[in-house]
Amino acid sequence: MLTCLRRIVAVLLCLAVWPAWSAVIELQQAQASLHAGAQGPAVPVTLPHDWQDSFPGHSGVVSYRLQLPVPTDRGLLGVYIPRVCSNVEVFLNGELIGSGGRMHEPVTRNCYHPQLFSLPHALLRTKGNELRLEVAGFATREVAARQRAAGLSAVLVGPMQELQPQYMRQLFWNVTVAQIIAATIGMLGAAILGLAAVRRKDTYLLYFGLFTVGWALIGTRLFVRVVPLDNWLTEVLICSSFAPVLACAYLFLLRLVEERHAWLDRLLWFQALLVPVALLLVGHNHMLRAASVVYNVLAVEFVLCVTVFCITAWKHYRREFWLMSGVLALAVLLAAIEIALQNDWLPLPRVHVIHFAMPLVFTVIGIRLIQMFVHALGVAETVNEQLERRVAQKSSEIEHGYAELAALREREAARQERYRIAADLHDDLGARLLAIAQTAPSDAVASMAREALDEMRLSVRGMTGEAARAIDVLADWRAETVSRLAAAGFEADWDAQEPSRRLILPSRTHVQLTRVLREAVSNVIRHSGGRRCHVRVAFEPPGLCLTIEDDGQGLPAGPRPATGHGLPNIERRVRKLEGTQVFSTSALGGARLQVCVPLETTPSSANMPSHELRPDR
Amino acid sequence: MNSVLIVEDLPEIRTWLTGVARLAFPSLHVTTAGRRDEALDCVAREHFDLALVDLGLPDGSGIDVVGALHRLQPQALPVVVTIFDDDQHLFPALQAGAFGYLLKEQPQDALVAQLLRMAQGEPPLSPPIARRVLAHFANTTQRQQSLLRRTENEVKLTERETDVLQRVAKGYTLPEIAGQFGLSRHTIADHIKQIYRKLNVSSRAEATLEAARRGLVQP
Numbered sequence: 043m044l045t046c047l048r049r050i051v052a053v054l055l056c057l058a059v060w061p062a063w064s065a066v067i068e069l070q071q072a073q074a075s076l077h078a079g080a081q082g083p084a085v086p087v088t089l090p091h092d093w094q095d096s097f098p099g100h101s102g103v104v105s106y107r108l109q110l111p112v113p114t115d116r117g118l119l120g121v122y123i124p125r126v127c128s129n130v131e132v133f134l135n136g137e138l139i140g141s142g143g144r145m146h147e148p149v150t151r152n153c154y155h156p157q158l159f160s161l162p163h164a165l166l167r168t169k170g171n172e173l174r175l176e177v178a179g180f181a182t183r184e185v186a187a188r189q190r191a192a193g194l195s196a197v198l199v200g201p202m203q204e205l206q207p208q209y210m211r212q213l214f215w216n217v218t219v220a221q222i223i224a225a226t227i228g229m230l231g232a233a234i235l236g237l238a239a240v241r242r243k244d245t246y247l248l249y250f251g252l253f254t255v256g257w258a259l260i261g262t263r264l265f266v267r268v269v270p271l272d273n274w275l276t277e278v279l280i281c282s283s284f285a286p287v288l289a290c291a292y293l294f295l296l297r298l299v300e301e302r303h304a305w306l307d308r309l310l311w312f313q314a315l316l317v318p319v320a321l322l323l324v325g326h327n328h329m330l331r332a333a334s335v336v337y338n339v340l341a342v343e344f345v346l347c348v349t350v351f352c353i354t355a356w357k358h359y360r361r362e363f364w365l366m367s368g369v370l371a372l373a374v375l376l377a378a379i380e381i382a383l384q385n386d387w388l389p390l391p392r393v394h395v396i397h398f399a400m401p402l403v404f405t406v407i408g409i410r411l412i413q414m415f416v417h418a419l420g421v422a423e424t425v426n427e428q429l430e431r432r433v434a435q436k437s438s439e440i441e442h443g444y445a446e447l448a449a450l451r452e453r454e455a456a457r458q459e460r461y462r463i464a465a466d467l468h469d470d471l472g473a474r475l476l477a478i479a480q481t482a483p484s485d486a487v488a489s490m491a492r493e494a495l496d497e498m499r500l501s502v503r504g505m506t507g508e509a510a511r512a513i514d515v516l517a518d519w520r521a522e523t524v525s526r527l528a529a530a531g532f533e534a535d536w537d538a539q540e541p542s543r544r545l546i547l548p549s550r551t552h553v554q555l556t557r558v559l560r561e562a563v564s565n566v567i568r569h570s571g572g573r574r575c576h577v578r579v580a581f582e583p584p585g586l587c588l589t590i591e592d593d594g595q596g597l598p599a600g601p602r603p604a605t606g607h608g609l610p611n612i613e614r615r616v617r618k619l620e621g622t623q624v625f626s627t628s629a630l631g632g633a634r635l636q637v638c639v640p641l642e643t644t645p646s647s648a649n650m651p652s653h654e655l656r657p658d659r
Numbered sequence: 020m021n022s023v024l025i026v027e028d029l030p031e032i033r034t035w036l037t038g039v040a041r042l043a044f045p046s047l048h049v050t051t052a053g054r055r056d057e058a059l060d061c062v063a064r065e066h067f068d069l070a071l072v073d074l075g076l077p078d079g080s081g082i083d084v085v086g087a088l089h090r091l092q093p094q095a096l097p098v099v100v101t102i103f104d105d106d107q108h109l110f111p112a113l114q115a116g117a118f119g120y121l122l123k124e125q126p127q128d129a130l131v132a133q134l135l136r137m138a139q140g141e142p143p144l145s146p147p148i149a150r151r152v153l154a155h156f157a158n159t160t161q162r163q164q165s166l167l168r169r170t171e172n173e174v175k176l177t178e179r180e181t182d183v184l185q186r187v188a189k190g191y192t193l194p195e196i197a198g199q200f201g202l203s204r205h206t207i208a209d210h211i212k213q214i215y216r217k218l219n220v221s222s223r224a225e226a227t228l229e230a231a232r233r234g235l236v237q238p
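These protein sequences, in sequence, are chains A and B. So for the first sequence, the numbering used here puts the first residue at 43; every next one is plus one. So for the second sequence, the numbering used here puts the first residue at 20; every next one is plus one.
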């Protein structure tokens, strides 16, 4: 039992001691020299090492010499450098074993790119191995961001199989993720720009698209290593690109809440031009300071813009407020971290949060914009459908209306023609008949002319199709009768039942009864010799009864009244209307004439209930 | 009443009308015309107190003569003389400025009496014409509310004028209406003259409106 335990402990000890070289070792001590090949005087430094600490203002190459312990492992060995800025060449015992790219301008930009090289066993000595790292880089003051200031992290040496995963991990987070993000938000931006192209009025889509695509392009600085420009121009380019891209962001936010100011647009684009000019003018040695000023100004602008957005959104677009202000708060936080890093208030982290958090901001805003777009599309479709339905309805109405119009026009043409014939009859036939009636030497001729006139008038009325409302006919009768009797010095007593407002008198009944009434009243005036005349009109189913009586001398004795009294005319007219007439003696003392005629059911009164024909008193 | 213009194309009727006019006003100077152009010449040349105008003339409508007389000799009484009391002919004549109308088929004594009443300033108004005037102003008011709201010469009937028209439309005679209102015949006659004047003004307003709508006149 005890021996067994001792054996286990021994194995564990073995495992613990064995890896002097089987495990990864971290080299933290180096001799740094400003002369290539480490020929000149060297200073001892501790890794990770920033040039700013030992060689402030130096740009070019620094040579690091590191003592490499004797490896015991016979497996594949490697040297892993998590960060070296900008580029490195690695020598083992004086022999070049790896290079990150060009060491002279334009220097390969490996600041975000980890390096892994293999250590060939053939070059390893049994003791006194030396690892020399030639690092090309630029002084802090010459770069636009501290992340790109020259420096070297700790160097890790060990079995390749253990270094490989660490390298891959660092490469993934620093480079691959940046590539994925740049590609993703680049595509999102392209999609939004596509929407903007079809929605010219919604300019916020255009600005968000430009902002997103611009941000994706700026993101390429993390993985594009070979640029055909020297470091200074590249730094100017990177720093300058923020101004127009952020201008798009500000304009997007303001457009989203309908804040449009032409002067602000002009100011932002002027600033985008000013930044590169200013950076070029200040020159190499003040790049970091100038860039920090630019970043700080942009950050202040961003905060102002977010504030304006939040206030306006709170007032007018409450629905947009919560989501957008949440996302913007995150963006402001990220901007604050970046500004703190830029101004050296925080130590540089190994992984930059802004690279991972910004896509979240973009995605949330992008999804919201697309959602708005889809909603608008849905609304438009609904409106469109309604419009189509209305158009269909209207066109059928128009077709219907057109058919009606055509029919109406036909009827109107026929009516016009009838009116023309009627007018001709009036003017020619009527005028001549009237001339005869007014100028005839004998009453008999005049009477015949008047009858002919009546017949003509009846035909004309039939042609012009003007049916008279009973209520209007009664008013006409009353006016004529009362004024005639009054003019002749009679006391007129008019008593008429009020007919239904919708009751229509047929033309023939209207004309004939008008004539009957006129002749009866003429008789009263000419022959009765009385002073009073009583006219009564009653609507008694199935017809109309007209009673005229006076207080005169009454009917002359004899079987039939004498000619000239108009009585035969009355009789003939009543017969034509299939009515009855009764001559008798009035209670007033004079003559009494009662005429009753049936009222046929005319089309316009056909669907009236029968009581409608009665007087509704 | 010193001079009368009689416009009538049929010689027999012209002679008969001259007789009627002379019966009413014995010392009358009579000028006659058989055509519209002839009548318009007379109106331009001579001064008349009274005109009896037939509507159906060989070369046009007597309404033009009424209009010319109303325009050029506002003190004259243009009276339309027609065969039938067909308000489709009469109403436009009243709108053109006719003071009244005579129906040819009436007995001679009735015509003389009407002429005398008109000479005393009492215009005739029959129920069909009253109904048309009422309908005209009801329509005009509706149209004016939508289109003519801002025009100055908005013509409306007063309540009393509408009352008079409604009673005439029901068949009451002017003396009866005067009695119902407790007013003199003279006052009622004034109301009717006012209605005729408004009819004439409103028809001109309508014509202006129509012209403006067709872009002929800048409103």
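What the hints contain is simulated information worked out from the structure, not anything from laboratory work. Predicted model, so just to flag it, every value in this text is computed and none were measured. It cannot be assumed that every hint is accurate.
[To be verified] So, partial list: chain B residues that the calculated Cβ filter (under 8 Å) puts toward chain A:
no., residue
1, Glu31
2, Ile32
3, Trp35
4, Ile102
5, Lys123
6, Glu124
7, Val131
8, Ala132
9, Arg136
10, Pro147
11, Lys189
12, Pro194
[Unchecked claim] To spell it out: a stretch of chain A is covered by chain B in this simulated footprint if at least three of its residues, at any positions, have a beta carbon under 8 Å from a beta carbon of chain B; those stretches are:
no., stretch
13, 313-324
14, 470-476
Cβ atoms here follow ideal geometry from the backbone N, Cα and C, with glycine treated the same way.
Q) Does the CB of Lys189 of chain B sit less than 8 Å away from some CB of chain A? A) 5 Å, holds
Q: Report holds or violated for the interface hint on Trp35 of chain B, using the least CB-CB distance to chain A and a cut-off of 8 Å.
A: 5 Å, holds
(Q) Min Cβ distance, Ile102 of chain B to chain A: is it shorter than 8 Å? (A) 5 Å, holds
Q) Counting residues of the stretch 470-476 of chain A with a beta carbon closer than 8 Å to any beta carbon of chain B, are there 3 or more? A) holds (count 4)
Q. Under the criterion of a CB-CB separation shorter than 8 Å, is Glu124 of chain B in contact with chain A as hinted?
A. Since chain A brings a Cβ to about 6 Å from Glu124 of chain B, closer than 8 Å, the hint holds.
**Q.** Verdict on chain B covering the stretch 313-324 of chain A, criterion of 3 CB contacts below 8 Å
**A.** The restraint on the stretch 313-324 of chain A is violated, since only 0 of its residues have a Cβ under 8 Å from chain B and three are required.
Q.
Given Ala132 of chain B as an interface hint, is its Cβ closer than 8 Å to any Cβ of chain A?
A. 6 Å, holds
Q) Is the hint on Val131 of chain B kept, meaning its closest Cβ partner in chain A is under 8 Å away? A) 11 Å, violated
Q) Should the interface hint for Pro147 of chain B be scored as holding, given a Cβ-Cβ cut-off of 8 Å against chain A? A) 7 Å, holds
Q. Given Ile32 of chain B as an interface hint, is the shortest Cβ-Cβ distance to chain A below 8 Å?
A. 5 Å, holds
Q. Quick one, is the Glu31 of chain B hint okay against chain A at 8 Å, beta carbons?
A. Check passed: Cβ of Glu31 of chain B comes within 4 Å of chain A, closer than 8 Å.
Q: Mind checking the CB of Lys123 of chain B against every CB in chain A and telling me if the closest is under 8 Å?
A: 5 Å, holds
Hints 7, 9, 13, counting from the list given before, are not met by this structure.
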